[in-house]
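Q: These are the residues of each chain, in order.
Number of protein chains: 2
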Amino acid sequence: MFEAAELGQKITKAQYEAELPKLRAALLKAHFALKDTKVPVIVIVSGTDGAGKGEVVHRFNEWLDPRGVDTHAFWQTSDEERERPRYWRFWRALPARGRVGILFGSWYTEPIIRRVYGEIKNSKLDTEMDRIASFEKMLADDGAVFVKLWFHLSKKAQRRQLKDLESNPKTHWRVLPTDWKHFKLFDKFTEVSERAIRRTDTGQAPWHLVEAADRRYRELTAGKILLQAIEDRLQQLARNQPTASTSPSVPAIKSAPAPRPRVHASTTILDHVDLTQHLSDKEYAAQMEKYQSRLSRLTWAAWEKKVASVALFEGWDAAGKGSAIRRVTAAVDPRLYRIIPIAAPTDEERARQYLWRFWRHLPRAGMTTIFDRSWYGRVLVERVEGFAREDEWQRAFLEINEFEEQLAESGIVVSKFWLHIGKDEQLRRFKEREEITFKRYKITDEDWRNRKQWDAYKAAINDMVAHTSTVSAPWTVVAGNDKKFARVQILKTFCKHLEAAL
Amino acid sequence: MFEAAELGQKITKAQYEAELPKLRAALLKAHFALKDTKVPVIVIVSGTDGAGKGEVVHRFNEWLDPRGVDTHAFWQTSDEERERPRYWRFWRALPARGRVGILFGSWYTEPIIRRVYGEIKNSKLDTEMDRIASFEKMLADDGAVFVKLWFHLSKKAQRRQLKDLESNPKTHWRVLPTDWKHFKLFDKFTEVSERAIRRTDTGQAPWHLVEAADRRYRELTAGKILLQAIEDRLQQLARNQPTASTSPSVPAIKSAPAPRPRVHASTTILDHVDLTQHLSDKEYAAQMEKYQSRLSRLTWAAWEKKVASVALFEGWDAAGKGSAIRRVTAAVDPRLYRIIPIAAPTDEERARQYLWRFWRHLPRAGMTTIFDRSWYGRVLVERVEGFAREDEWQRAFLEINEFEEQLAESGIVVSKFWLHIGKDEQLRRFKEREEITFKRYKITDEDWRNRKQWDAYKAAINDMVAHTSTVSAPWTVVAGNDKKFARVQILKTFCKHLEAAL
Numbered sequence: 129m130f131e132a133a134e135l136g137q138k139i140t141k142a143q144y145e146a147e148l149p150k151l152r153a154a155l156l157k158a159h160f161a162l163k164d165t166k167v168p169v170i171v172i173v174s175g176t177d178g179a180g181k182g183e184v185v186h187r188f189n190e191w192l193d194p195r196g197v198d199t200h201a202f203w204q205t206s207d208e209e210r211e212r213p214r215y216w217r218f219w220r221a222l223p224a225r226g227r228v229g230i231l232f233g234s235w236y237t238e239p240i241i242r243r244v245y246g247e248i249k250n251s252k253l254d255t256e257m258d259r260i261a262s263f264e265k266m267l268a269d270d271g272a273v274f275v276k277l278w279f280h281l282s283k284k285a286q287r288r289q290l291k292d293l294e295s296n297p298k299t300h301w302r303v304l305p306t307d308w309k310h311f312k313l314f315d316k317f318t319e320v321s322e323r324a325i326r327r328t329d330t331g332q333a334p335w336h337l338v339e340a341a342d343r344r345y346r347e348l349t350a351g352k353i354l355l356q357a358i359e360d361r362l363q364q365l366a367r368n369q370p371t372a373s374t375s376p377s378v379p380a381i382k383s384a385p386a387p388r389p390r391v392h393a394s395t396t397i398l399d400h401v402d403l404t405q406h407l408s409d410k411e412y413a414a415q416m417e418k419y420q421s422r423l424s425r426l427t428w429a430a431w432e433k434k435v436a437s438v439a440l441f442e443g444w445d446a447a448g449k450g451s452a453i454r455r456v457t458a459a460v461d462p463r464l465y466r467i468i469p470i471a472a473p474t475d476e477e478r479a480r481q482y483l484w485r486f487w488r489h490l491p492r493a494g495m496t497t498i499f500d501r502s503w504y505g506r507v508l509v510e511r512v513e514g515f516a517r518e519d520e521w522q523r524a525f526l527e528i529n530e531f532e533e534q535l536a537e538s539g540i541v542v543s544k545f546w547l548h549i550g551k552d553e554q555l556r557r558f559k560e561r562e563e564i565t566f567k568r569y570k571i572t573d574e575d576w577r578n579r580k581q582w583d584a585y586k587a588a589i590n591d592m593v594a595h596t597s598t599v600s601a602p603w604t605v606v607a608g609n610d611k612k613f614a615r616v617q618i619l620k621t622f623c624k625h626l627e628a629a630l
Numbered sequence: 129m130f131e132a133a134e135l136g137q138k139i140t141k142a143q144y145e146a147e148l149p150k151l152r153a154a155l156l157k158a159h160f161a162l163k164d165t166k167v168p169v170i171v172i173v174s175g176t177d178g179a180g181k182g183e184v185v186h187r188f189n190e191w192l193d194p195r196g197v198d199t200h201a202f203w204q205t206s207d208e209e210r211e212r213p214r215y216w217r218f219w220r221a222l223p224a225r226g227r228v229g230i231l232f233g234s235w236y237t238e239p240i241i242r243r244v245y246g247e248i249k250n251s252k253l254d255t256e257m258d259r260i261a262s263f264e265k266m267l268a269d270d271g272a273v274f275v276k277l278w279f280h281l282s283k284k285a286q287r288r289q290l291k292d293l294e295s296n297p298k299t300h301w302r303v304l305p306t307d308w309k310h311f312k313l314f315d316k317f318t319e320v321s322e323r324a325i326r327r328t329d330t331g332q333a334p335w336h337l338v339e340a341a342d343r344r345y346r347e348l349t350a351g352k353i354l355l356q357a358i359e360d361r362l363q364q365l366a367r368n369q370p371t372a373s374t375s376p377s378v379p380a381i382k383s384a385p386a387p388r389p390r391v392h393a394s395t396t397i398l399d400h401v402d403l404t405q406h407l408s409d410k411e412y413a414a415q416m417e418k419y420q421s422r423l424s425r426l427t428w429a430a431w432e433k434k435v436a437s438v439a440l441f442e443g444w445d446a447a448g449k450g451s452a453i454r455r456v457t458a459a460v461d462p463r464l465y466r467i468i469p470i471a472a473p474t475d476e477e478r479a480r481q482y483l484w485r486f487w488r489h490l491p492r493a494g495m496t497t498i499f500d501r502s503w504y505g506r507v508l509v510e511r512v513e514g515f516a517r518e519d520e521w522q523r524a525f526l527e528i529n530e531f532e533e534q535l536a537e538s539g540i541v542v543s544k545f546w547l548h549i550g551k552d553e554q555l556r557r558f559k560e561r562e563e564i565t566f567k568r569y570k571i572t573d574e575d576w577r578n579r580k581q582w583d584a585y586k587a588a589i590n591d592m593v594a595h596t597s598t599v600s601a602p603w604t605v606v607a608g609n610d611k612k613f614a615r616v617q618i619l620k621t622f623c624k625h626l627e628a629a630l
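Protein sequence lines correspond, in order, to chains E and U.
When you line the first sequence up against this note's numbering, it's residues 129 to 630, in that order.
When you line the second sequence up against this note's numbering, it's residues 129 to 630, in that order.
One chain only, chain E, in its complex shape (with noise of 0.2 angstroms):
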């Protein structure tokens, strides 16, 4: 694959000279124009040691209006980093939407360089250009442009280069110490490399090989890419196209599952809830306080072992979200969890991916957070209002069990809650909420709307429960026609979750 990009290329100093001024002007039109567009670009910058990959950063950052433009480089990580899921600080670092984020290192560089260290096996490594794959495609169906580089050198002229670099005073600093460790590994680090690029070098997601042993050639043909498809991208919302147009050759991915069917079912899920289980006040003493004191025990537990945990609630209107939620936190010292309420997303918010809210608010090794309505608005409330398209909420099932999948991977205990009333309970609690002082806040205009489209937020639930339960997310679906049932029910799962994890 390699040999396509050592073949020499040059370019001379006149023709760069003279090709530059153009290019520089068109880049900059393109990015100015993409401001006003709702598109990221995300640029992965990656490839030997000594190709020069710093200094195209620098030129990317030159030739583009800097106020547009987040550079990243993954590096060391923190502790707030490790303790939490491996990718939290790739998604901190996505640019928003009008911007470009160039990404100096990636998800790419750690499976790549473990791979080469024998760290990992090759099944690892595949399953991990899966991972990649997908959550790149995810990233594309949302809008963004991947401009993906990597710039090759032969083992010959990365020698030349190093050594170059290394007997220059001026450039010597720009040798690390690991640039020769790794250049005793290049046969290697090539047939890794290779391996990882073919797996993800998808329809939406292209990577473009660049021979870098000329630094005018290199550059020149890096900004020419950027170009291209940011111009391409330009031209194709003036046409007004979808953009899952642009990808007809995304290969098969491995990891992921394959759609499910839509669930076509006169009887649903939520039929199959008994909801006349109910506690006498006394069972219900005796077994709020052996869970709540059970919770705290394991919340203490859970700390000790740094396992983190996130538990979400949704629920009709009037279901008893709140006081459930607050039935869970007495039992939990208020250092070990927080509560994150979904409302009405931020412009900083909305200006990414619509999981990118979730993420920045996920626990620290140890900690419970507490989602008040959470990532399941895109295939409830916004799939029946309509504020996202099918193709939008239909891909929304494989995204969430995806996200959860990385959580679960990464330790954290997820309880996912959904609390069922009747539609009969719900009206007398309404009417209840409407007559008492300090409940009537709880009740707006909007729930009642909300009602009147019971039955399609049936369907919805339904759809939800039967492609995102998972062995590792599984749904509980709650009878709350008995807020006190249903304050037990859910104290004993989220329990018996972390007691399954500890």
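Treat the hints with caution; some may be incorrect.
[Stated by the list, open to error] Derived DMTMM-like pairs (lysine to aspartate or glutamate); straight-line CA-CA distance at most 25 angstroms:
id, chain 1, residue 1, chain 2, residue 2
1, E, Lys434, U, Glu208
2, U, Lys283, U, Glu131
3, U, Lys612, U, Asp552
4, U, Lys163, E, Glu563
5, U, Lys418, E, Asp292
6, E, Lys433, U, Asp307
7, E, Lys309, U, Glu208
[Stated by the list, open to error] Covered by chain U, per the in silico footprint, the following chain E stretches (three or more residues, Cβ under 8 angstroms):
id, segment
8, 178 to 192
9, 474 to 485
[Said to hold, decoys possible] Quick look at which bits of chain E chain U covers, simulated, 3 or more residues with Cβ under 8 angstroms:
id, segment
10, 141 to 154
11, 356 to 367
12, 445 to 457
13, 460 to 471
Everything labelled a hint here was simulated from the structure, so no lab data went into it.
Source: prediction; values computed, not measured.
Idealized CB from N, CA, C, for every residue including glycine.
For this one, chain E is given, so just place chain U on it according to the hints.
A: What follows is chain U alone, placed relative to chain E:
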């Protein structure tokens, strides 16, 4: 002082149950009214160990609308926090306007504990308390309501409380090992706390001592204090009074320098800049090479010694800020710096005090942050265009001095550049920009509008430099008519500052 909180106050169950519903209804009502205001409420929960602070936090979360509350416990510090100035973690936790932030532990905790353990002396404690007083004053001036609660237990009550908690199997986990350790230092703790409270008990941010032995009394009292504070502000807003009038009794704060007199002068600092200074191409090439390679070495050395730096650039339109910044960054490894361009704030940023958006971008140890425009917008564009009221931008000089003092204190090297050019030279550059294709994006109608305000800006710049040039964060006014001279002056100055710190 604490005698007033050792009176044996109690509330009977009947009384509690009679008062609670009224209190809760009133609290909710006030909390809802708060949402429509621009007022953040900062609740500090502190006091003796075993005084039930955690339970009060629970109660507040229960009584208020959880969607409008943020609870933060300050406990362990992350390395991301340790590597930044001490207050960074508190800035991260400040509530947005219209919200209630409950701080369990706060900026008071560490200084008090360190004094109790004898790690610092009284003089250092006082300095810390003065810093807190000015920090709180700044937030109060910005509109924040403070509710600072100190829960006090007598020595006898504390011992009884700890023993009770410990002997009850349901609550023994609430007693931390440090609690008994602190108990042995009870008298010292009381003495230090009293000193700290006296020094930070101000009109805008008063302390409330709450007798904590009786659960019902302390919770009801805390709730009433919170309610009163919010209601007072709401009434004030309804009467349309400026918030400053709430602080008749702010004590003189030692550490804060007395506000300097406004500068009235017909010739300004800018008139003394020799704009004829210039460099030949040959000198320029030699100097650039010298200082760029020096800067490269210095930034790596700073990385090794974990010395962070902040460089900010302000200047007339077309003075060459962008190109000067590129000459600096060209010499620095991309892993070591980030550029933060300052444009309009996001809504997350707008919802907080104006310095918050700069705190979030402070560099980690060993890194450099370059601000392209900065917090000085407050005393430049916001002053000249009238976006900030006179009392706001006047106050900003002191606020900025204190902000930069904290940067310097934490070891951050601060460099501030004003790029100065003559009025004729600006006109020449504006015209040039209109003529060159890839420079055309740089010139907007706003630039021409700003130019008409030249004299107003000149007065503002003069005030700014006079009020905010300090030993630890001096201004460098750069002679910018000759771009070559300006770039070298900037590189040289930046190197000089780094060298002094290493």
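Q: Compare the structure with each hint and give your call.
A: Hint check:
1. E:Lys434 - U:Glu208: holds, 18 angstroms
2. U:Lys283 - U:Glu131: The given pair, whose Cα atoms are some 12 angstroms apart, holds under the 25 angstroms limit.
3. U:Lys612 - U:Asp552: Given pair U:Lys612, U:Asp552 holds - Cα atoms ~18 angstroms apart, limit 25 angstroms.
4. U:Lys163 - E:Glu563: holds, 23 angstroms
5. U:Lys418 - E:Asp292: Holds - the C-alpha atoms of E:Asp292 and U:Lys418 are around 20 angstroms apart, at most 25 angstroms.
6. E:Lys433 - U:Asp307: holds, 22 angstroms
7. E:Lys309 - U:Glu208: violated, 30 angstroms
8. 178 to 192: Coverage by chain U holds for the segment 178 to 192 of chain E (5 residues, Cβ < 8 angstroms).
9. 474 to 485: Satisfied; 3 residues make the cut.
10. 141 to 154: holds (count 3)
11. 356 to 367: Our answer is that it is violated, as 0 residues pass the Cβ test (under 8 angstroms) against chain U, missing three.
12. 445 to 457: holds (count 4)
13. 460 to 471: holds (count 7)
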